[in-house]
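For the sequence shown, counting from 1, position 51 maps to 51 in the UniProt record's numbering; every step adds exactly one.
Some hints here could point you the wrong way.
[Claimed, not checked] So the derived label-pair ranges between C-beta atoms look like this: (1) Arg270 <-> Glu295: 21 to 27 Å; (2) Val238 <-> Lys281: 26 to 32 Å; (3) Pro244 <-> Gly68: 34 to 40 Å; (4) Val170 <-> Asp212: 28 to 34 Å; (5) Glu280 <-> His116: 28 to 34 Å; (6) Gln299 <-> Gly37: 35 to 41 Å; (7) Pro239 <-> Phe166: 19 to 25 Å; (8) Pro152 <-> Ser301: 22 to 28 Å; (9) Gln67 <-> Pro244: 43 to 49 Å; (10) Asp212 <-> Glu109: 18 to 24 Å; (11) Thr123 <-> Asn197: 22 to 28 Å; (12) Ala181 <-> Gly68: 49 to 55 Å.
[Unchecked claim] Lysine-lysine pairs mimicking PhoX-like chemistry, simulated, CA-CA at most 25 Å apart: (13) Lys40 <-> Lys195; (14) Lys306 <-> Lys213; (15) Lys138 <-> Lys195; (16) Lys272 <-> Lys213; (17) Lys268 <-> Lys40; (18) Lys138 <-> Lys306; (19) Lys272 <-> Lys306; (20) Lys104 <-> Lys138; (21) Lys268 <-> Lys281; (22) Lys268 <-> Lys306; (23) Lys104 <-> Lys195; (24) Lys272 <-> Lys182; (25) Lys104 <-> Lys182; (26) Lys306 <-> Lys182; (27) Lys213 <-> Lys195; (28) Lys306 <-> Lys40.
Treat the hints as calculated values from the structure; they're not laboratory data. Ideal placement from N, C-alpha and C gives every residue a C-beta, glycine not left out.
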Amino acid sequence: MRIGRSVAITGLFCALMVVLAGNPRALLAAQAGGPAGDGKLRIIVFGAHPDDCELKAGGTAALWAAQGHHVKFVSTTNGDIGHAETAGGPLARRRIAEVQAAAKVLGIETEVLDIHDGELMPTLENRRTFVRLIREWKADIVIGHRPNDYHPDHRYTGILMQDAAFMVTVAFFCPDVPQLAKNPVFLYLSDNFQKPNPFEPAVVVGIDSVYDKKADAIWTLQSQIESLWATGNFETIVPVPADPVAREQRRLQVRERIAARDRRVADKYRDKLIECYGPEKGARIVHAEAFELCEYGRQPSPEELKALFPIASGK
């Protein structure tokens, strides 16, 4: 849609944008040429392991889901070496069950790809898998790691997402699944790495209103709670206590550890929160999740991007 030359056309355009802003999917469809469907957004998030999506986007996903939007988390590996004492099929099955439980808490869908932890590669086969997943979900928004994240599975998840950003629209690439009529908006999950470029959020979402839900979802990831999150490494485990009092203490410890991470995000990007929510609300937000716009895929304006995210309800 282009701004017309006359004042009348300009006024009509502005009026239409005001109407569409109340329906993010309709706004996206109107500008990209696709149908609005049920009027709800469809979001797919790629995380390298069965906990990455929940940690980096669990609160935002819960907000989207509460608004009736459709969210799917995809773990691009099965996490089968992410524990101090078990590995292989038994651990993979355990972690699949954990993220399925987390998805129920958040009100979303989830899938775990059967690729060994630590062995994801940016192959043609995996590019096709990403393209098919995005198309099958009919995604409006696609989110994943940046390609300069710390773990090879994270980096290659980001590369595969980037490689899919154009190919999802190419009819004869994976012709068994119809190409998307419009290119989704692609974004990155937050990280703290500086080279070659630091993370620069395009939108920061306050998640205070759903923080208990995010914490409850993460509590289902018991294999990580007793291993990495308890000890900081995969060499030993600290089992979750059976005693109710001790178990509750551990749950609160885990909640505080995750909360501290999201408080750091809110504090680090306070200026962006104020930009998104206004000075009063932006200053009050305690926990947040941040997302950077990828240069590939559809390029929304800042106003469009804010309309696509659950900003208003995330106070």
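A quick look at each hint next to the structure:
A C-beta distance of roughly 25 Å is found between Arg270 and Glu295, which places it inside the suggested range of 21 to 27 Å. Roughly 39 Å separates the CB atoms of Val238 and Lys281, a value that falls outside the hinted 26 to 32 Å. For Pro244 and Gly68, the Cβ-Cβ distance of about 36 Å falls inside the hinted range of 34 to 40 Å, so the restraint holds. Distance hint check: the CB atoms of Val170 and Asp212 are about 43 Å apart, inconsistent with the given range 28 to 34 Å.
Separation of Glu280 from His116 is about 49 Å and departs from the stated range, judged on CB atoms against 28 to 34 Å. Between Gln299 and Gly37 the CB atoms are about 22 Å apart, so this pair departs from the stated range of 35 to 41 Å. Between Pro239 and Phe166 the Cβ separation comes to about 47 Å, which falls outside the hinted range of 19 to 25 Å. For Pro152 and Ser301, the hinted distance range of 22 to 28 Å is not satisfied, since their beta carbons lie about 35 Å from each other.
Between Gln67 and Pro244 the Cβ separation comes to about 35 Å, which falls outside the hinted range of 43 to 49 Å. At roughly 21 Å, the beta carbons of Asp212 and Glu109 sit within the given window of 18 to 24 Å. The hint said 22 to 28 Å for the Cβ distance between Thr123 and Asn197, and at roughly 26 Å that hint holds. Taking 49 to 55 Å as the suggested C-beta distance range, the pair Ala181 and Gly68 does not conform, at roughly 22 Å.
Distance check on the hinted pair: Lys40 and Lys195 sit about 37 Å apart at the alpha-carbon level, beyond 25 Å; violated. Between Lys306 and Lys213 the alpha-carbon distance is near 23 Å, which keeps this suggested pair within the 25 Å criterion. Proposed proximity of Lys138 and Lys195 is contradicted: the alpha carbons are some 33 Å apart, above 25 Å. A distance of roughly 24 Å separates the Cα atoms of Lys272 and Lys213; the hinted pair therefore holds under the 25 Å criterion.
About 31 Å separates the Cα atoms of Lys268 and Lys40, which puts this hinted pair outside 25 Å; it is violated. Only pairs whose Cα atoms come within 25 Å are accepted, and Lys138 paired with Lys306 is accepted, the gap being roughly 20 Å. For the suggested pair Lys272 and Lys306, the alpha carbons sit about 11 Å apart, so the restraint of at most 25 Å is met. Simply put, Lys104 and Lys138 have alpha-carbon atoms about 21 Å apart, close enough for the 25 Å limit, and the pair holds.
Pair hint Lys268 plus Lys281 holds up; C-alpha atoms about 16 Å apart against a cutoff of 25 Å. A hinted pair counts as satisfied when its Cα atoms are at most 25 Å apart, and Lys268 with Lys306 qualifies at roughly 19 Å. A C-alpha spacing of about 37 Å is found between Lys104 and Lys195, which places the hinted pair above 25 Å, so the restraint is violated. The suggested pairing of Lys272 with Lys182 is violated, with an alpha-carbon distance near 28 Å, which exceeds 25 Å.
A hinted pair counts as satisfied when its Cα atoms are at most 25 Å apart, and Lys104 with Lys182 does not qualify at roughly 30 Å. About 19 Å separates the Cα atoms of Lys306 and Lys182, which keeps this hinted pair within 25 Å; it holds. For the proposed pair Lys213 and Lys195, the alpha carbon gap of about 34 Å is over 25 Å, so the pair is violated. For the hint linking Lys306 to Lys40, the alpha-carbon distance of about 15 Å falls within 25 Å, and the restraint holds.
Checked against the numbered hints listed earlier, the structure breaks hints 2, 4, 5, 6, 7, 8, 9, 12, 13, 15, 17, 23, 24, 25, 27; every other hint is satisfied.
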